[in-house]
Amino acid sequence: MKLHRTVLFLAAAVLPVALSGQVQGLDPILLGKPAVDGWPTYHGDYSGRRYSTLNQITTSNIKSLSLAWIYRANPSLDGPNVGGEYKSGDPYYWGGPPDGVTFKATPLMVNGIIYISAPDHAYAVDARTGREIWHYAWRTRGGIHIGNRGMAMYGSWLFFETPDCYLVSLDAATGKERWHKEIADVRQQYFCTPAPIIIGKQVITGIGGDSLDVQGYLESYEPESGTLLWRWYTTPQNKGEAGSETWPNQYAMTHGGGMTWQPPTYDPELNLIYVSTGNPNPVFAPQSRKGDNLFTCSIVALNADTGKMVWYFQTSPHDTHDWDSTEVNVLVDGEFNGARRKMLVQASRNGYFFVLDRANGQHLLTAPLTDFLNWSLGVNAKGQPIPNPAKDATIDGVLVSPGSSTNWPPPSFSPQTGLLYVGTQQSYALHYLTDVDERPEGYGGGAVAPGGGGRESFLKAIDYKTGRVKWRRALTQGGAMGLLSTAGGVLFGSDGSGNFVAYDAANGNPLWHAGLHANPANGPSTFMLDGRQFVVVGAGDSLYAFTLAR
Amino acid sequence: MSRLIVVALGLLGVVITSAQQPPSTSQGGRGGRGAGENPGVARLRVFDQAAVDRGKIVFGARCASCHSPSGRGGAAFSGPDLIRSVLVLQDANGKEIGQYLKIGGPGKGHPDFHDVTDAQIADLATLLHRDVTYAAERANYQVLNIVTGDPKAGEAYFNGAGGCNTCHSATGDLRGIGARLAPAAIQGLIVSGSAGRGGRGAPGPPATNDRGATRATITLPSGETVTGILLRLTDFDVTIRDASGASRSWLRDGNSPKITVTNPLQGHIDLLAKYTDADIHNLTAYVVSLK
Numbered sequence: 001m002k003l004h005r006t007v008l009f010l011a012a013a014v015l016p017v018a019l020s021g022q023v024q025g026l027d028p029i030l031l032g033k034p035a036v037d038g039w040p041t042y043h044g045d046y047s048g049r050r051y052s053t054l055n056q057i058t059t060s061n062i063k064s065l066s067l068a069w070i071y072r073a074n075p076s077l078d079g080p081n082v083g084g085e086y087k088s089g090d091p092y093y094w095g096g097p098p099d100g101v102t103f104k105a106t107p108l109m110v111n112g113i114i115y116i117s118a119p120d121h122a123y124a125v126d127a128r129t130g131r132e133i134w135h136y137a138w139r140t141r142g143g144i145h146i147g148n149r150g151m152a153m154y155g156s157w158l159f160f161e162t163p164d165c166y167l168v169s170l171d172a173a174t175g176k177e178r179w180h181k182e183i184a185d186v187r188q189q190y191f192c193t194p195a196p197i198i199i200g201k202q203v204i205t206g207i208g209g210d211s212l213d214v215q216g217y218l219e220s221y222e223p224e225s226g227t228l229l230w231r232w233y234t235t236p237q238n239k240g241e242a243g244s245e246t247w248p249n250q251y252a253m254t255h256g257g258g259m260t261w262q263p264p265t266y267d268p269e270l271n272l273i274y275v276s277t278g279n280p281n282p283v284f285a286p287q288s289r290k291g292d293n294l295f296t297c298s299i300v301a302l303n304a305d306t307g308k309m310v311w312y313f314q315t316s317p318h319d320t321h322d323w324d325s326t327e328v329n330v331l332v333d334g335e336f337n338g339a340r341r342k343m344l345v346q347a348s349r350n351g352y353f354f355v356l357d358r359a360n361g362q363h364l365l366t367a368p369l370t371d372f373l374n375w376s377l378g379v380n381a382k383g384q385p386i387p388n389p390a391k392d393a394t395i396d397g398v399l400v401s402p403g404s405s406t407n408w409p410p411p412s413f414s415p416q417t418g419l420l421y422v423g424t425q426q427s428y429a430l431h432y433l434t435d436v437d438e439r440p441e442g443y444g445g446g447a448v449a450p451g452g453g454g455r456e457s458f459l460k461a462i463d464y465k466t467g468r469v470k471w472r473r474a475l476t477q478g479g480a481m482g483l484l485s486t487a488g489g490v491l492f493g494s495d496g497s498g499n500f501v502a503y504d505a506a507n508g509n510p511l512w513h514a515g516l517h518a519n520p521a522n523g524p525s526t527f528m529l530d531g532r533q534f535v536v537v538g539a540g541d542s543l544y545a546f547t548l549a550r
Numbered sequence: 001m002s003r004l005i006v007v008a009l010g011l012l013g014v015v016i017t018s019a020q021q022p023p024s025t026s027q028g029g030r031g032g033r034g035a036g037e038n039p040g041v042a043r044l045r046v047f048d049q050a051a052v053d054r055g056k057i058v059f060g061a062r063c064a065s066c067h068s069p070s071g072r073g074g075a076a077f078s079g080p081d082l083i084r085s086v087l088v089l090q091d092a093n094g095k096e097i098g099q100y101l102k103i104g105g106p107g108k109g110h111p112d113f114h115d116v117t118d119a120q121i122a123d124l125a126t127l128l129h130r131d132v133t134y135a136a137e138r139a140n141y142q143v144l145n146i147v148t149g150d151p152k153a154g155e156a157y158f159n160g161a162g163g164c165n166t167c168h169s170a171t172g173d174l175r176g177i178g179a180r181l182a183p184a185a186i187q188g189l190i191v192s193g194s195a196g197r198g199g200r201g202a203p204g205p206p207a208t209n210d211r212g213a214t215r216a217t218i219t220l221p222s223g224e225t226v227t228g229i230l231l232r233l234t235d236f237d238v239t240i241r242d243a244s245g246a247s248r249s250w251l252r253d254g255n256s257p258k259i260t261v262t263n264p265l266q267g268h269i270d271l272l273a274k275y276t277d278a279d280i281h282n283l284t285a286y287v288v289s290l291k
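Protein chains in written order, with this note's numbering: chain Z, 1 to 550; chain G, 1 to 291.
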């Protein structure tokens, strides 16, 4: 297995994305290298860097970037390709069909075809023309229809998750369904948004749902048949297991949350999957879960073959603020304190920035991500923030900052500049405890920020070696945003006000923008097609493609 | 509290610390509730209150002694938590619950419910599904009694350290506010200065006479100045509503036109970093007392 992987990994360096002789095919070993002729997985490659080596579009010629096409999603729930377990007259559990399409997914692009999903929908679109090739609609049983982050591709098969938590596999050429399989129970308030990730001959799937105290897990499925290969629970199943000492009892930890809705990143050489887990449950009412609540709000490395935990680092011990740590674990190779290291960096929702050695989980750096931050009393010897219990929600309310500092929208790391780019915000909110039962359930409280809570938003460029902000750009709207950096020195992002913006990656100066009909809601992507570099971004129900005018 | 803070934009228009605030509340959990959210079918279920009330009677007589009066179980109770019960969650209209109570359960040690009518089981199911929904759906949550502060200390803060009396008066704009608004709304106004606008369900951009609205003065290359309510400001354009109610916009080129933003609520924002939670609770108790 190890030899096989290494050989294929080396081969990836010299092969284009497509397997020769296979019309629609994609070999998963190609996901370990920055993509050039396509965008074959959620982040473009396994690293989560969202950095493209393409340099046809540069800071010098960006003014010539022009609209190539717009694809507006077909919102119909009918058509030739329809699936789903919903039967007419059934109740909807915790949600129902969407009344439109919003693209939060990063589209795949393989062999000139874009594949993108949205809640209850999947599409194939011609990357040259923006014309729809096929559409697949899913009749939902329910689930919160908040978003869908995209598809995965193995050979000529596509995979995506539905809000009612089915893993669906489609034939890429036709959009016909191959099979679907329930991966979580929507009736228990699970709902599913992640993009699956292909690793070897595995489809890695995460889940979501923190409304009713269910348990998080990450799973691996065999792509041909949909057979479950392994499952890793984010919280311990039984007393005595690792981490169980951080929970008062088994009932608390098996209802302790820790969702896995961020697609993981992966290091093929170390064969480690990097998972970032969500907040513990009950969310704002922690009286029944005293302790650190491992492995919620953690960065966890799993062996990709077995799903067994190799190391962990908890970024928010005993979170009480609904700050999932499910931000992207970005894999960075470079120098740290004079030594070359394989690192993992995360700009976390709790207002801190972390750098770890990703081989062994050794902590290297913790730095504040935001200017004001009152929920923590500082950082402990292990580099973890120390929660301030006085800022746990109370009946009469406590004022908590920095709010949700960043979120799932993907940041970007450029090896060219050594900077991590991330959309951030800082604000104050009143945190109220509403469930005072000794056995609280669900959220048990909430955060209220009328008028925005003094919100300030910044696009920031962070030097991973120090955690210092090299530059930042104030935004009047928004905060977390999807970002893409390129070898052309360009940083693609948005401004929260409906503009798709190209910034100078070196200093944050805006160089180019296009006002779209809605604010970009996904991560931009780029690829070469017929000798032209395209940049694609999703806004509302549409995909926009740009390329240099000729 | 609305002492004017004027911030001239820098060369690149970067520093806008007192500029307009985003319209919505928090970005929420679950990966970006907020921009682009698609609510779909209304998620809040409506329950038949008469059925709930009948269900409570059956529950009290037959269930509470083992499952606790709340149905959540606990150390002192032999029965499991029914709110997180997979059987209850997977039940549709009492069918699975009835099947268990009458057929499946008795063999597994659950008391036999053969004497309970189907109608009573349907009422029990309605009660349980309501309580599950109340636990799971944040929109149902009720803020409890938040008036815990000392109104005298709040009054002192209002007239002293907080500087609230520079803009507000107990006998002027705040007269009778405690009779008009719920305490939680008042506490929200204290920390924000406004109830927020433009967010989900909000009525849209501020009215021309909204004294809390962020304003901008645009100085054109000709020297002419235009002042109005700031509707939109990006690196590339600015839009205001002028005194006549008309929307006016300009493209920006670096520092031209010159834009000066004033937020009358800046005083509220400045206090966010200075308040103790006790200050807020005391202020709330004081303002709530202004009936």
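Keep in mind the hints are simulated off the structure, nothing from the lab.
One or more of the hints may lead you astray.
[As the list claims (entries may be wrong)] Pairs of lysine-lysine residues, derived as DSSO-like cross-links and limited to a Cα-Cα distance of at most 30 angstroms, are as follows:
no.	chain 1	residue 1	chain 2	residue 2
1	Z	465	Z	342
2	Z	87	G	102
3	Z	470	G	56
The structure presented is a predicted model; accordingly, all values stated were derived computationally and were not measured.
inquiry  = Against the 30 angstroms threshold, does the CA-CA distance of residue 87/Z and residue 102/G hold or violate the hint?
reply    = 27 angstroms, holds
message = Just to be careful, I want the Cα atoms of residue 465/Z and residue 342/Z compared with a cutoff of 30 angstroms; is the pair within it?
response = Given pair residue 465/Z, residue 342/Z holds - Cα atoms ~13 angstroms apart, limit 30 angstroms.
Hint consistency between residue 470/Z and residue 56/G [alpha-carbon to alpha-carbon, up to 30 angstroms] = Since the Cα atoms of residue 470/Z and residue 56/G sit roughly 61 angstroms apart, the hinted pair is violated (cutoff 30 angstroms).
When each numbered hint is compared with the structure, a violation occurs for hint 3 only.
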